[in-house]
Amino acid sequence: MNKKEEILDLANKYRWEIGENFHDAIIESIYKEANEISLVAVTKDKEKPKFDWDRTLDKLVTSRTFGLPLMLLMLAVVFWITIQGANIPSGLLANLLVDYLHPLIRTAFINLSIPMWITGLVVDGAYLAMAWVIAVMLPPMAIFFPLFTLLEDFGYLPRVAFNLDNIYRRVGAHGKQALTMSMGFGCNAAGIIATRIIDSPRERLIAIITNNFSLCNGRWPTQILIATIFIGGAVPAYLAGIVSAAAVVFIAVLGIFFSLVVSWGLSKTVLKGEASSFTLELPPYRPPRFLQTLYTSLIDRTLFVLWRAVVFAVPAGMVIWMVANITYNDISIAEYFINWVDPFALLIGLNGVIILAYVIAIPANEIVIPTVLMLTVLVSGMSGGSGAGVMFELDSVNDTAMILHNGGWSLLTGINLMLFSLLHNPCSTTIYTIYKETKSIKWTLISTFLPIAMGIIICFITAQIYWLIF
Amino acid sequence: MRERNRKSDKIIIEDALKHIYDFEHKKLDSTSDSLAGNLQIRKRASSDLIDKLLQLKLITKFQEKISLTENGRSYALKVIRIHRLYERYLADKTSVHENDWHKEAEKREHDFNDEEINRLAASLGNPLLDPHGDPIPDALGKMHVKEGILLSDAEVGCVYEITHIEDEPKETYAQIVAQKLFPGAKLKILNKDDRRISFESDNDESILAPVLAANITVIPREEEAGEFGVNRLLSSLNQGETSRIKEISKAIRGLQRRRLLDFGFIPGTEIKANLVGLGGDPVAYEVRGTVVALRKNISQHIYIE
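So the sequences go chain by chain: A and B. Going by the working numbering, the first sequence opens with residue 1, and the numbers climb by one from there. Going by the working numbering, the second sequence opens with residue 1, and the numbers climb by one from there.
These are calculated hints, taken from the structure and not from any lab test. Since the structure is predicted, the reported quantities are computational estimates derived from the model, not experimental observations. Idealized CB from N, CA, C, for every residue including glycine. There may be inaccurate statements among the hints.
[Said to hold, decoys possible] Interface residues of chain A toward chain B, partial, derived using beta-carbon atoms under 8 Å:
(1) E5
(2) W16
(3) Y31
(4) R64
(5) T65
(6) G67
(7) L70
(8) R169
Modelling step: build the complete structure from the supplied sequences, incorporating the hints.
This is the structure:
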């Protein structure tokens, strides 16, 4: 035996002497010593506190009667503040970046005699996509994330996970997935980063793959607009408001339902063998640290996600401009694609414009509707809009409705667009985030294509049922 | 196509060596016929295989009886080392069900080279035993011999600890697993006759047929006879009630065990059931000043006083 083998042999002999349980023994001895030290060094107030706030609060927020209603109320308040509060700054930003600065920069480019195609590519494509993403994304995130982080800091969110764990256990997931899912209502990329709080590998992957089923902030406006035009338009005027609101809520609830079903399916199939553990710490309540929360949620979450979105929006804006402006035989690439994909798209109750919009507006769900409008005007040769490749939105819902109706949209197109908006691939920011968090191409691909496949199937079934009835 | 349908030479040779080693270990004589039966190949193929093994100087043959050479034995031990380490990996680092450990390891045991397997061993903390309680041969090809008796030979009234459960055949193993028996579990023999052995284990009372009991190896644990009894489980602690942790069952392994130890779930720790979740699961326990919620499938593997 050489020297190395002798040492290895000795090591093995000692391993057998120590036995299999030494990991447990080491931790036990660490705790024992820590205990002895603390007995000598730490003095405790002998007097017991008269009133234990934490336990009383815990009893309330996890109680059978108040637990769930309290949770729904809290979430409703957070969403209400976000939507209401974001309206005004979003409008201001859109005014500044899209309505005011965009023409200004455009004129400047033209005055400098820069070739038209560069102006189009840079100003109408790249700049406009970036401006749109910032205007629509920044305000809601800057409100939602701090509010959410405050609840987290206060210690309430782990109690929500505790309350809902019963449901998530049944589908093979972790109670904390309730939190990452709620975070996903703000932004899926942020929701996926938030899955770091789930320390069990299998349950974390489940939470990552299913986060896309939370209807994110970028998709709410699409849902509301389309529901108002098509669902609200299909019922008597006095019911329009309530019915279209109910339709949007239905889609969001459908998303939660799908996230649970898919969690269950994943835990029973592809993720069956991944390591899994469960512990859920309920930390003591503490007064939230406002300034720190504001800082970390703005820097770590809002700006971080926004930056990633902008990075993807710039090239996508160029692509959007190019497909509408590069022509062959006087027909743009966009039209070729739309005509080619139309037969299939109509079969699942959508149309070629929608499919193309979802392909080229991959960086952010926020620019899907502006892209759809631009493409519809381009394809149908209607007047209106701001020119080929220039995304736009109209202030008036009626004008938007007119463009879409002229583009051949029916109630079915509206319903299926709402379904497809819920069930399609995550935006590129989210896909990139999934890759960064899982470091796995396999899980990234599954997260990307599973929702598309589901969307196509569900839209197809809906279309068949619709044609049976109407 | 033919290549793909046929197992590669390497796999067949390794499986053959494992079989011969196993028979030598059980003090049985392996022959061309036993090899054919074990590997499910035709007799012709079996004698070809033996010729090849002879050529490679991995075995010797005396009349019908085959024996491993020094090289053959060390090769067999290497394959066994990979198999058992991989089972340990599946038990500690994945959620693969214990009924599938053996099958998975059979598939993967041919895929590792020396360096990879030593790295796997190191990442698992150089474990000594596989999850069934079989010793894992070390990197030098030495295997520890474990003592113990078969459960079928155990004496009434005595306390034992399970050290090993034979994982083949699969059906037998699944039956034992279904009784919630695992290496490290302690049990006391209550009654024994020709048809059944009844005993109480840490968490339950069970009955096994002697045929099944012969697949379980135990060692006496007389020093614990005094306090032995069916343990109270943490999951039975009522809300507001306080007790002390006695032990985390060996059924909790790997990541989950480490999480519990990190939170201070160690023997002697005071524990109080604090909050019961909706539907009775999970339950939040107060341990060392922190509140940690556990699901029932975990709390029923923690013994309390």
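Hint check against the structure, violated hint numbers in rising order
Per hint list: 5, 7 violated.
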